[in-house]
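Protein chains in written order, with UniProt numbering: chain A, 1 to 335; chain B, 1 to 338; chain C, 1 to 312.
Honestly, the hints are just simulated from the structure, not real lab data.
Hints are supplied without guarantee of correctness; some may be wrong.
Said to hold, decoys possible - Derived DSS-like pairs: lysine-lysine, alpha-carbon spacing no greater than 25 Å straight-line:
{"#": "1", "chain 1": "C", "residue 1": "215", "chain 2": "A", "residue 2": "130"}
{"#": "2", "chain 1": "A", "residue 1": "85", "chain 2": "C", "residue 2": "215"}
{"#": "3", "chain 1": "A", "residue 1": "175", "chain 2": "A", "residue 2": "61"}
{"#": "4", "chain 1": "C", "residue 1": "215", "chain 2": "A", "residue 2": "61"}
{"#": "5", "chain 1": "A", "residue 1": "9", "chain 2": "A", "residue 2": "61"}
{"#": "6", "chain 1": "A", "residue 1": "85", "chain 2": "A", "residue 2": "61"}
{"#": "7", "chain 1": "A", "residue 1": "175", "chain 2": "C", "residue 2": "215"}
{"#": "8", "chain 1": "B", "residue 1": "150", "chain 2": "A", "residue 2": "299"}
What the hints assert, rightly or not - What follows is a set of in silico ranges between Cβ atoms, one per label pair, in the way DEER data are often shown:
{"#": "9", "chain 1": "B", "residue 1": "205", "chain 2": "A", "residue 2": "87", "range": "51 to 57 Å"}
{"#": "10", "chain 1": "C", "residue 1": "140", "chain 2": "A", "residue 2": "206", "range": "45 to 51 Å"}
{"#": "11", "chain 1": "C", "residue 1": "202", "chain 2": "B", "residue 2": "333", "range": "52 to 58 Å"}
{"#": "12", "chain 1": "B", "residue 1": "111", "chain 2": "A", "residue 2": "28", "range": "25 to 31 Å"}
{"#": "13", "chain 1": "C", "residue 1": "287", "chain 2": "A", "residue 2": "104", "range": "42 to 48 Å"}
{"#": "14", "chain 1": "A", "residue 1": "130", "chain 2": "C", "residue 2": "175", "range": "44 to 50 Å"}
{"#": "15", "chain 1": "A", "residue 1": "130", "chain 2": "B", "residue 2": "337", "range": "57 to 63 Å"}
{"#": "16", "chain 1": "A", "residue 1": "303", "chain 2": "B", "residue 2": "302", "range": "56 to 62 Å"}
{"#": "17", "chain 1": "A", "residue 1": "89", "chain 2": "C", "residue 2": "311", "range": "38 to 44 Å"}
{"#": "18", "chain 1": "A", "residue 1": "80", "chain 2": "C", "residue 2": "140", "range": "31 to 37 Å"}
{"#": "19", "chain 1": "A", "residue 1": "273", "chain 2": "C", "residue 2": "195", "range": "49 to 55 Å"}
{"#": "20", "chain 1": "C", "residue 1": "175", "chain 2": "B", "residue 2": "24", "range": "53 to 59 Å"}
{"#": "21", "chain 1": "C", "residue 1": "195", "chain 2": "A", "residue 2": "312", "range": "46 to 52 Å"}
Unchecked claim - Chain A regions said to be covered by chain B (calculated; three or more residues, Cβ under 8 Å):
{"#": "22", "region": "211 to 224"}
{"#": "23", "region": "247 to 260"}
The beta-carbon is built from N, C-alpha and C at its ideal position, and this holds for glycine as well.
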Amino acid sequence: MSDVVLEAKGLVKHFPITQGIVFKSKVGAVRAVDGVDLHLRRGETLGVVGESGCGKSTLAKLLVGLETPTSGSINVRGEDMVRLKGAALRRARRNIQMVLQDPYTSLNPRMTVGDIIGEPFQIHPEVVPKNGRQRAVQDLLDTVGLNPDHINRYPHQFSGGQRQRIGIARALALKPEIIVCDEPVSALDVSIQAQVINLLERLQNEFGLSYIFIAHDLSVVRHISDRVAVMYLGKVIETGHDHAIYDQPTHPYTQALLSAVPVPDPRLRGHRDQIVLEGDVPSPANPPSGCRFRTRCWKATQLCAEQEPLLQVRERSPHPSACHYAEIRDVVHRR
Amino acid sequence: MDVLPGIDPRAPLLEVSDLHVEFRTQYGVAKAINGANFWLSAGETLAILGESGCGKSVTAQAIMGILDTPPGYVTQGQIKYRGVDLLKLSENERRKVRANRIAMIFQDALSALNPVYTVGFQLGEVFRKHRGMSRSAAKQRAIELLDQVKIPAARTRVDDYPHQFSGGMRQRVMIAMALALDPEVLIADEPTTALDVTVQAQIMGLLADLQRERNMGLILITHDMGVVADVADRISVMYAGRVVEEAPVYDIYSRPAHPYTRALLESIPRLDMKGQQLSVIRGLPPVLTDVPKGCAFNPRCAYARDACRQDPAPPVYQVSQQPHRTARCHFFREVIGE
Amino acid sequence: MSDLNTVTTAEAPGGQPNVPRSPVKKDKPRSLAGDAWADLRKRKIFWVSVVMVAIVLVMAAWPTLFTTADPGACALSNQYKGPTGAALFGFDYQGCDIYAKVIHGARNSIVVGVLSTALAGVIGLFFGLAAGYFGGWLDAFLSRFVDIMLGVPFLLAGIVLSNRLSSDPKSDGIFAVTLTLGLLSWTSGARVMRSAVISAKNQDYVAAARMLGSKPSRLIFRHIVPNSIASYVVLLTLLLGINIASEATLSFLGVGLKNNAISWGIMISEGTQFARTEPWPLVWPALFLGVTVLAFIMLGDAVRDAFDPKLR
Numbered sequence: 001m002s003d004v005v006l007e008a009k010g011l012v013k014h015f016p017i018t019q020g021i022v023f024k025s026k027v028g029a030v031r032a033v034d035g036v037d038l039h040l041r042r043g044e045t046l047g048v049v050g051e052s053g054c055g056k057s058t059l060a061k062l063l064v065g066l067e068t069p070t071s072g073s074i075n076v077r078g079e080d081m082v083r084l085k086g087a088a089l090r091r092a093r094r095n096i097q098m099v100l101q102d103p104y105t106s107l108n109p110r111m112t113v114g115d116i117i118g119e120p121f122q123i124h125p126e127v128v129p130k131n132g133r134q135r136a137v138q139d140l141l142d143t144v145g146l147n148p149d150h151i152n153r154y155p156h157q158f159s160g161g162q163r164q165r166i167g168i169a170r171a172l173a174l175k176p177e178i179i180v181c182d183e184p185v186s187a188l189d190v191s192i193q194a195q196v197i198n199l200l201e202r203l204q205n206e207f208g209l210s211y212i213f214i215a216h217d218l219s220v221v222r223h224i225s226d227r228v229a230v231m232y233l234g235k236v237i238e239t240g241h242d243h244a245i246y247d248q249p250t251h252p253y254t255q256a257l258l259s260a261v262p263v264p265d266p267r268l269r270g271h272r273d274q275i276v277l278e279g280d281v282p283s284p285a286n287p288p289s290g291c292r293f294r295t296r297c298w299k300a301t302q303l304c305a306e307q308e309p310l311l312q313v314r315e316r317s318p319h320p321s322a323c324h325y326a327e328i329r330d331v332v333h334r335r
Numbered sequence: 001m002d003v004l005p006g007i008d009p010r011a012p013l014l015e016v017s018d019l020h021v022e023f024r025t026q027y028g029v030a031k032a033i034n035g036a037n038f039w040l041s042a043g044e045t046l047a048i049l050g051e052s053g054c055g056k057s058v059t060a061q062a063i064m065g066i067l068d069t070p071p072g073y074v075t076q077g078q079i080k081y082r083g084v085d086l087l088k089l090s091e092n093e094r095r096k097v098r099a100n101r102i103a104m105i106f107q108d109a110l111s112a113l114n115p116v117y118t119v120g121f122q123l124g125e126v127f128r129k130h131r132g133m134s135r136s137a138a139k140q141r142a143i144e145l146l147d148q149v150k151i152p153a154a155r156t157r158v159d160d161y162p163h164q165f166s167g168g169m170r171q172r173v174m175i176a177m178a179l180a181l182d183p184e185v186l187i188a189d190e191p192t193t194a195l196d197v198t199v200q201a202q203i204m205g206l207l208a209d210l211q212r213e214r215n216m217g218l219i220l221i222t223h224d225m226g227v228v229a230d231v232a233d234r235i236s237v238m239y240a241g242r243v244v245e246e247a248p249v250y251d252i253y254s255r256p257a258h259p260y261t262r263a264l265l266e267s268i269p270r271l272d273m274k275g276q277q278l279s280v281i282r283g284l285p286p287v288l289t290d291v292p293k294g295c296a297f298n299p300r301c302a303y304a305r306d307a308c309r310q311d312p313a314p315p316v317y318q319v320s321q322q323p324h325r326t327a328r329c330h331f332f333r334e335v336i337g338e
Numbered sequence: 001m002s003d004l005n006t007v008t009t010a011e012a013p014g015g016q017p018n019v020p021r022s023p024v025k026k027d028k029p030r031s032l033a034g035d036a037w038a039d040l041r042k043r044k045i046f047w048v049s050v051v052m053v054a055i056v057l058v059m060a061a062w063p064t065l066f067t068t069a070d071p072g073a074c075a076l077s078n079q080y081k082g083p084t085g086a087a088l089f090g091f092d093y094q095g096c097d098i099y100a101k102v103i104h105g106a107r108n109s110i111v112v113g114v115l116s117t118a119l120a121g122v123i124g125l126f127f128g129l130a131a132g133y134f135g136g137w138l139d140a141f142l143s144r145f146v147d148i149m150l151g152v153p154f155l156l157a158g159i160v161l162s163n164r165l166s167s168d169p170k171s172d173g174i175f176a177v178t179l180t181l182g183l184l185s186w187t188s189g190a191r192v193m194r195s196a197v198i199s200a201k202n203q204d205y206v207a208a209a210r211m212l213g214s215k216p217s218r219l220i221f222r223h224i225v226p227n228s229i230a231s232y233v234v235l236l237t238l239l240l241g242i243n244i245a246s247e248a249t250l251s252f253l254g255v256g257l258k259n260n261a262i263s264w265g266i267m268i269s270e271g272t273q274f275a276r277t278e279p280w281p282l283v284w285p286a287l288f289l290g291v292t293v294l295a296f297i298m299l300g301d302a303v304r305d306a307f308d309p310k311l312r
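Looking at chain A on its own, in the form it has when it is part of the complex:
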């Protein structure tokens, strides 16, 4: 594990639920992220999947410093980002950037593309000297496949896919090692998605980037990821290499999730293992005791309510899985 560029340990983020307007009192907490460990190697892509409310977006915000964790540590190059302050933090932040989901709201509509991509240089003036900035911005535009002459255009003059390229160029500006991609293609049309995915892959090869790729589309995650972590109600419940998760899932939730994803091949219709979950995800403000998935799980027993299963390698699970009854079941391929 020599090449680890990022390591998060015991990340927790609780959002307090308050009552009252002027005098607020805490009445509870939404446990958005509740004890997540993960690591990322150089040049690797870690996919994070899960349904809405599982905490994957909060995790992304914690990693890039948009939210402060309630507890836990985020180590980048041997420095704990959570404890850094001032100039050291600003320098450390350069190394970990983010591509946001919505290309329509992530760019300031009143700034030119040149200003948007050049903003990182204004905030961190030491990176590129002033007279080289326009050149640097144009190089970035070229890198992401946009016309370098378009620095004076405004975001609304570009299509969704092109805007997402602008967002990627901005994330690349400070030459980070790590880029957190929060649903980077889910707002794009099918034919444009592939363009952006291929761009991300090319940039990874070119610059040796490490990605944390957060998405709800499991097919896209499989395509781009080397390893995958599945989240449910603020916890990682299964993690492993992409073929381990997709071809040999052992956690019932992963199995249900995968079986629900339609495969674009009508010949598989009726020939796949179908697991239809009952009910909705419980509220993260009041998660079930023990295993959080037990309220919707067909395998649940008394043990699951009493004892929380740890994320670890088990007898019947060759990769870490947080289920007492973990067992391989292929739900993706033809039965």
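Chains B and C: place on chain A using the hints.
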């Protein structure tokens, strides 16, 4: 129920032919639909597949008669329900068709429900207005409907407000409302796009069950090739306002006849295999005020030749008789043959 | 236009932009302000409003350029006389030259209106930004304070405040009225600004800038203010008209402009008394006020639109 004059029970359930819709905006005339043809039989699921701006939602609005006019105008074509051209009906008659024969559900169930009334009241209102039921009878029917769309504890939930339901449950309420008056055609416009995959599976399963029970015709409007592969019988692929290919679902996935369909299928990552680099469709869909000459797809097409770049656009070619397949591509044999 | 997409990488060669645009020349990087100015220069409505505002300002600064008559020289014998050579608009109840009064009244009206609106604008901007950006208890405190201010009856507060501020019996009361109006009229603007700031603050591009390590000042002045000020500017142009009229109300009650000071507001409130039979003493100052407010509104609209790239 009122009887429409001229209705013919033996005629096809729904038949759209040569439909043209344009939006007259200050930037010019956008041809949102530029000749759409398809039909739907009872008990059948037709998927209309396409990307944003291809005209799939406008098609649904035109069928429902809820097109915003201005700026949208149906300029040509027919929409026949059991042999009756809906476009020739008065607004009053159309409203009746809309309520009783053809219903629609939308992507965003939260904004489609009124937040200040209970779900039961809104459902019951349909019966009070169209069936002249009493308040208590209407509420009873509302509970039955909520039960049919498998909302747990329907009897208590009928008095809840829309915001008290989760996204999936709200979509069920929408479905219940659409099915209230037993329509023969249900149009679902991206019904699961806003939902999580496990909930999506629940909703699609529910729709399939209801369709089977009622022998309804279902038009599923979506961009998701996976959902289509799972539920559709036939597919109409739309691009820049035209139906470019139409075929049964098995044929279209195994042997697409239009380059656009083919390129789409090759550009999506798959869950069941780790693919190579994705093949991409170059460029962007056209602006509807400025659609390319000839075949609208030609600037992005790998098969394009001179004939494709000249008007008129490729006609509707019959690809095969049995099964019935069409494609609007001069070189469909080449596309399908490889 | 094909120039938007002259890219030839593997992912996106060729294609069409979504919106047809006129081609842009290759040139130096530009800024929003520069683009806005280039756009404004081409707008007729901008120049029309600029000329109108300029005329009013000149009128306020050098009224003698427009009339040599003394607005204070009134003769009851001239009561309600029609227009004569120099007195273009005729005479009012007191037998004063309406034209001369309107010209000379511009100064007080404009000074009171512009300065009080500017004061209210600054206070409202500050409160709205602070409440919207920082949120939490500060927002709760400031918002409640604004609510209390809105609950205070305007006339009552105006009378009390104006009285306290003008202790000198010889003053014309301009300072007191300006301050009074400024201090009482910022609240609705603060509310508008606060909600605009909150919605701008939650946009993804602000998160993106924060992630890059922006300091709060940069977030506020580069990202939040430019994207939240539009409706505020419009509100201020409307407030200008309201404040000019409010000055009249206060003057009418004896706590506004004093010692025979002239303003459009005072003329309007005097003119209303016999407006049924003698409309002109009301119509002329009202017309000047209306045109002035319209000019400022048009100017505000044009500037706001120019700073929105989507409307260009």
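Review point. Are there hints from earlier that the structure breaks, and if so, what are their numbers?
Key: none
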